[in-house]
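Undergrad: Sequence:
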Amino acid sequence: MKIFPAIDLYAGKAVRLFKGDYDKMTVYSNHPEEIAQDFFNKGARCMHVVDLEGAKTGETPNIDTINKLVKTFNGEIEVGGGIRSEAVIEKYLSAGVNRVILGTIAVENQNFLVSAVKEFGDKIAVGVDIKDGFVAIKGWTEKSCFDGIEFCQKMQDLGVKTIICTDVSKDGVMQGANHQLYKTLSKKLQLNVIASGGVSSITDVLRLKETGVYGAIIGKAYYTGAIKLDQAIGVANDDN
31 MKIFPAIDLY AGKAVRLFKG DYDKMTVYSN HPEEIAQDFF NKGARCMHVV
81 DLEGAKTGET PNIDTINKLV KTFNGEIEVG GGIRSEAVIE KYLSAGVNRV
131 ILGTIAVENQ NFLVSAVKEF GDKIAVGVDI KDGFVAIKGW TEKSCFDGIE
181 FCQKMQDLGV KTIICTDVSK DGVMQGANHQ LYKTLSKKLQ LNVIASGGVS
231 SITDVLRLKE TGVYGAIIGK AYYTGAIKLD QAIGVANDDN
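Add 30 to a position in the sequence shown, counting from 1, and you land on the number used in my numbering.
Think of the hints as simulated: they come from the structure by calculation, not from any bench. Every residue gets a Cβ at the ideal spot worked out from N, C-alpha and C, and that includes glycine.
Restricting the straight-line Cα-Cα distance to at most 27 Å, the calculated cross-link-like pairs of lysine-lysine (DSS-like) are:
#1 86 <-> 161
#2 43 <-> 32
#3 121 <-> 86
#4 213 <-> 161
#5 218 <-> 148
#6 86 <-> 43
#7 217 <-> 173
Pair by pair, the computed Cβ-Cβ distance ranges are:
#8 115 <-> 214: 28 to 34 Å
#9 218 <-> 142: 22 to 28 Å
#10 61 <-> 145: 34 to 40 Å
#11 61 <-> 189: 35 to 41 Å
#12 139 <-> 180: 15 to 21 Å
Generate the whole structure from the sequences, applying the supplied hints.
TA: Shown next, in the form of C-alpha coordinates:
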(Lines of atoms letter the chains of each structure in order from A and count residues from 1; the text may use other names and numbers.)
(Lines give C-alpha, C1' and ligand atoms only; values in the text may rest on other atoms or scores of the structure.)
Protein backbone atom coordinates (compact mmCIF):
# COMPACT_ATOMS: atom_id res chain seq x y z
CA MET A 1 0.00 0.00 0.00
CA LYS A 2 1.26 3.45 -0.90
CA ILE A 3 1.30 6.28 1.62
CA PHE A 4 0.38 9.75 0.33
CA PRO A 5 1.25 12.48 2.85
CA ALA A 6 -0.88 15.53 2.11
CA ILE A 7 -0.37 19.24 1.68
CA ASP A 8 -3.40 21.52 1.45
CA LEU A 9 -2.55 24.92 -0.02
CA TYR A 10 -4.10 28.30 0.69
CA ALA A 11 -2.39 31.57 -0.19
CA GLY A 12 0.88 29.75 -0.73
CA LYS A 13 0.79 28.22 2.75
CA ALA A 14 0.37 24.67 3.99
CA VAL A 15 -2.88 24.52 5.94
CA ARG A 16 -5.48 22.07 7.20
CA LEU A 17 -9.23 22.49 7.45
CA PHE A 18 -11.53 20.89 10.00
CA LYS A 19 -14.21 18.92 8.12
CA GLY A 20 -13.65 21.12 5.09
CA ASP A 21 -14.58 24.34 6.91
CA TYR A 22 -12.57 27.31 5.61
CA ASP A 23 -13.38 29.17 8.83
CA LYS A 24 -11.58 26.45 10.79
CA MET A 25 -8.19 26.65 9.13
CA THR A 26 -4.84 25.94 10.77
CA VAL A 27 -1.66 27.20 9.10
CA TYR A 28 1.21 24.74 9.47
CA SER A 29 3.87 26.33 7.29
CA ASN A 30 4.55 29.37 5.13
CA HIS A 31 6.93 27.21 3.07
CA PRO A 32 5.14 24.06 1.83
CA GLU A 33 8.18 23.00 -0.16
CA GLU A 34 9.99 22.42 3.13
CA ILE A 35 7.24 20.03 4.19
CA ALA A 36 7.50 18.26 0.83
CA GLN A 37 11.24 17.85 1.40
CA ASP A 38 10.55 16.37 4.82
CA PHE A 39 8.08 13.93 3.25
CA PHE A 40 10.75 12.78 0.83
CA ASN A 41 13.43 12.56 3.51
CA LYS A 42 11.15 10.29 5.54
CA GLY A 43 10.74 7.91 2.62
CA ALA A 44 7.56 9.15 0.92
CA ARG A 45 7.51 8.72 -2.85
CA CYS A 46 3.90 9.82 -3.35
CA MET A 47 2.28 13.11 -2.33
CA HIS A 48 -1.30 14.38 -2.34
CA VAL A 49 -1.83 18.12 -2.87
CA VAL A 50 -5.05 20.14 -2.77
CA ASP A 51 -5.37 23.75 -3.85
CA LEU A 52 -8.10 25.00 -1.53
CA GLU A 53 -8.37 28.32 -3.35
CA GLY A 54 -8.58 26.54 -6.67
CA ALA A 55 -11.47 24.54 -5.24
CA LYS A 56 -13.39 27.81 -5.01
CA THR A 57 -12.29 29.52 -8.22
CA GLY A 58 -11.61 26.71 -10.68
CA GLU A 59 -8.26 28.34 -11.46
CA THR A 60 -4.66 27.66 -10.36
CA PRO A 61 -3.88 30.37 -7.78
CA ASN A 62 -1.18 28.24 -6.14
CA ILE A 63 0.57 27.08 -9.31
CA ASP A 64 3.83 28.81 -8.31
CA THR A 65 3.85 26.91 -5.04
CA ILE A 66 3.02 23.66 -6.83
CA ASN A 67 5.94 24.30 -9.18
CA LYS A 68 8.17 24.50 -6.10
CA LEU A 69 6.72 21.24 -4.78
CA VAL A 70 7.41 19.48 -8.08
CA LYS A 71 11.02 20.65 -8.00
CA THR A 72 11.45 19.67 -4.35
CA PHE A 73 9.65 16.34 -4.20
CA ASN A 74 11.25 13.75 -6.46
CA GLY A 75 8.27 11.42 -6.53
CA GLU A 76 4.68 11.00 -7.68
CA ILE A 77 2.44 14.03 -7.12
CA GLU A 78 -1.32 14.18 -7.49
CA VAL A 79 -3.18 17.50 -7.34
CA GLY A 80 -6.85 18.33 -6.84
CA GLY A 81 -8.96 21.33 -6.04
CA GLY A 82 -11.61 22.75 -8.37
CA ILE A 83 -10.20 21.31 -11.58
CA ARG A 84 -12.93 21.67 -14.16
CA SER A 85 -11.32 22.58 -17.48
CA GLU A 86 -8.90 20.93 -19.88
CA ALA A 87 -6.71 24.02 -19.72
CA VAL A 88 -6.18 23.59 -15.98
CA ILE A 89 -5.48 19.87 -16.40
CA GLU A 90 -2.85 20.64 -19.01
CA LYS A 91 -1.34 23.38 -16.86
CA TYR A 92 -0.79 21.01 -13.96
CA LEU A 93 0.52 18.16 -16.11
CA SER A 94 2.87 20.56 -17.90
CA ALA A 95 4.19 21.64 -14.51
CA GLY A 96 5.21 18.05 -13.81
CA VAL A 97 2.24 16.84 -11.78
CA ASN A 98 1.68 13.12 -12.37
CA ARG A 99 -2.07 12.94 -11.83
CA VAL A 100 -4.92 15.42 -11.46
CA ILE A 101 -8.06 14.82 -9.43
CA LEU A 102 -11.49 15.75 -10.71
CA GLY A 103 -14.16 16.32 -8.07
CA THR A 104 -17.48 18.10 -8.53
CA ILE A 105 -17.07 18.24 -12.32
CA ALA A 106 -16.98 14.43 -12.46
CA VAL A 107 -20.40 14.35 -10.79
CA GLU A 108 -22.01 17.19 -12.70
CA ASN A 109 -20.52 16.75 -16.17
CA GLN A 110 -20.02 13.13 -17.18
CA ASN A 111 -19.19 14.12 -20.76
CA PHE A 112 -16.25 16.21 -19.56
CA LEU A 113 -15.01 13.31 -17.42
CA VAL A 114 -15.21 10.85 -20.30
CA SER A 115 -13.39 13.30 -22.58
CA ALA A 116 -10.65 13.89 -19.98
CA VAL A 117 -10.11 10.16 -19.45
CA LYS A 118 -9.94 9.63 -23.21
CA GLU A 119 -7.41 12.45 -23.60
CA PHE A 120 -5.23 11.94 -20.51
CA GLY A 121 -5.81 8.31 -19.50
CA ASP A 122 -4.58 7.31 -16.05
CA LYS A 123 -3.38 10.84 -15.36
CA ILE A 124 -7.01 11.52 -14.42
CA ALA A 125 -8.29 10.46 -11.01
CA VAL A 126 -11.66 11.17 -9.42
CA GLY A 127 -12.18 12.37 -5.88
CA VAL A 128 -15.26 10.77 -4.39
CA ASP A 129 -16.30 12.52 -1.19
CA ILE A 130 -18.97 10.58 0.67
CA LYS A 131 -21.32 12.23 3.16
CA ASP A 132 -24.10 10.22 4.80
CA GLY A 133 -23.72 7.60 2.09
CA PHE A 134 -24.02 10.01 -0.83
CA VAL A 135 -21.46 11.81 -2.98
CA ALA A 136 -20.81 15.32 -1.66
CA ILE A 137 -19.94 18.15 -4.04
CA LYS A 138 -18.93 21.81 -4.06
CA GLY A 139 -16.48 21.61 -1.19
CA TRP A 140 -18.73 19.22 0.74
CA THR A 141 -21.44 21.87 1.01
CA GLU A 142 -24.00 19.88 -1.00
CA LYS A 143 -25.02 16.24 -1.25
CA SER A 144 -25.72 14.86 -4.71
CA CYS A 145 -28.31 12.20 -5.51
CA PHE A 146 -25.60 9.60 -6.17
CA ASP A 147 -25.00 6.71 -3.79
CA GLY A 148 -21.29 6.73 -2.95
CA ILE A 149 -20.46 3.10 -3.70
CA GLU A 150 -22.60 3.00 -6.85
CA PHE A 151 -20.86 6.16 -8.10
CA CYS A 152 -17.44 4.56 -7.59
CA GLN A 153 -18.60 1.61 -9.67
CA LYS A 154 -19.75 4.02 -12.36
CA MET A 155 -16.33 5.67 -12.40
CA GLN A 156 -14.73 2.30 -13.03
CA ASP A 157 -17.19 1.60 -15.85
CA LEU A 158 -16.21 4.91 -17.47
CA GLY A 159 -12.54 3.99 -17.52
CA VAL A 160 -11.26 5.85 -14.45
CA LYS A 161 -8.25 4.01 -12.97
CA THR A 162 -7.90 5.76 -9.61
CA ILE A 163 -10.34 7.19 -7.08
CA ILE A 164 -9.57 9.12 -3.93
CA CYS A 165 -12.41 8.28 -1.57
CA THR A 166 -13.02 10.47 1.46
CA ASP A 167 -15.51 9.89 4.25
CA VAL A 168 -16.29 13.53 5.00
CA SER A 169 -17.35 12.80 8.57
CA LYS A 170 -13.90 11.41 9.34
CA ASP A 171 -11.75 14.11 7.76
CA GLY A 172 -9.51 16.04 10.15
CA VAL A 173 -11.18 14.80 13.34
CA MET A 174 -8.53 12.19 14.24
CA GLN A 175 -11.04 9.48 15.06
CA GLY A 176 -9.98 6.77 12.65
CA ALA A 177 -10.84 5.89 9.06
CA ASN A 178 -14.02 4.25 7.76
CA HIS A 179 -12.44 0.83 7.30
CA GLN A 180 -15.67 -0.92 6.36
CA LEU A 181 -16.20 1.50 3.47
CA TYR A 182 -12.75 0.83 2.04
CA LYS A 183 -13.08 -2.92 2.54
CA THR A 184 -16.34 -2.83 0.56
CA LEU A 185 -14.82 -0.74 -2.23
CA SER A 186 -11.77 -3.00 -2.49
CA LYS A 187 -13.98 -6.06 -2.85
CA LYS A 188 -16.34 -4.52 -5.39
CA LEU A 189 -13.90 -2.62 -7.59
CA GLN A 190 -10.84 -3.37 -9.69
CA LEU A 191 -9.54 0.20 -9.78
CA ASN A 192 -7.01 1.86 -7.46
CA VAL A 193 -8.73 3.08 -4.29
CA ILE A 194 -6.89 5.68 -2.22
CA ALA A 195 -8.37 6.08 1.26
CA SER A 196 -8.66 9.58 2.68
CA GLY A 197 -10.04 10.98 5.91
CA GLY A 198 -9.41 10.01 9.51
CA VAL A 199 -6.14 8.12 9.17
CA SER A 200 -4.90 8.95 12.64
CA SER A 201 -2.74 6.08 13.93
CA ILE A 202 -0.44 3.29 12.85
CA THR A 203 -3.30 0.93 13.65
CA ASP A 204 -5.35 2.74 11.01
CA VAL A 205 -2.56 2.23 8.48
CA LEU A 206 -2.39 -1.49 9.28
CA ARG A 207 -6.17 -1.93 9.03
CA LEU A 208 -6.34 -0.04 5.74
CA LYS A 209 -3.58 -2.22 4.33
CA GLU A 210 -5.67 -5.26 5.27
CA THR A 211 -8.63 -3.91 3.29
CA GLY A 212 -6.57 -4.09 0.11
CA VAL A 213 -6.71 -0.41 -0.83
CA TYR A 214 -4.07 0.93 -3.20
CA GLY A 215 -3.08 3.84 -1.00
CA ALA A 216 -3.83 5.94 2.06
CA ILE A 217 -3.59 9.69 2.56
CA ILE A 218 -2.11 10.99 5.80
CA GLY A 219 -2.87 14.60 6.60
CA LYS A 220 -3.49 16.02 10.03
CA ALA A 221 -1.92 13.04 11.80
CA TYR A 222 1.45 13.95 10.27
CA TYR A 223 1.20 17.58 11.29
CA THR A 224 0.20 16.82 14.87
CA GLY A 225 2.78 14.07 15.25
CA ALA A 226 0.14 11.39 15.84
CA ILE A 227 1.71 9.35 13.04
CA LYS A 228 5.42 9.17 12.28
CA LEU A 229 5.55 9.19 8.51
CA ASP A 230 8.59 6.93 8.16
CA GLN A 231 6.95 4.37 10.44
CA ALA A 232 3.69 4.50 8.47
CA ILE A 233 5.56 3.98 5.20
CA GLY A 234 7.45 1.06 6.70
CA VAL A 235 4.25 -0.58 7.90
CA ALA A 236 2.50 -0.01 4.59
CA ASN A 237 5.37 -1.54 2.62
CA ASP A 238 5.98 -4.48 4.94
CA ASP A 239 4.78 -7.61 3.14
CA ASN A 240 5.90 -10.04 5.82
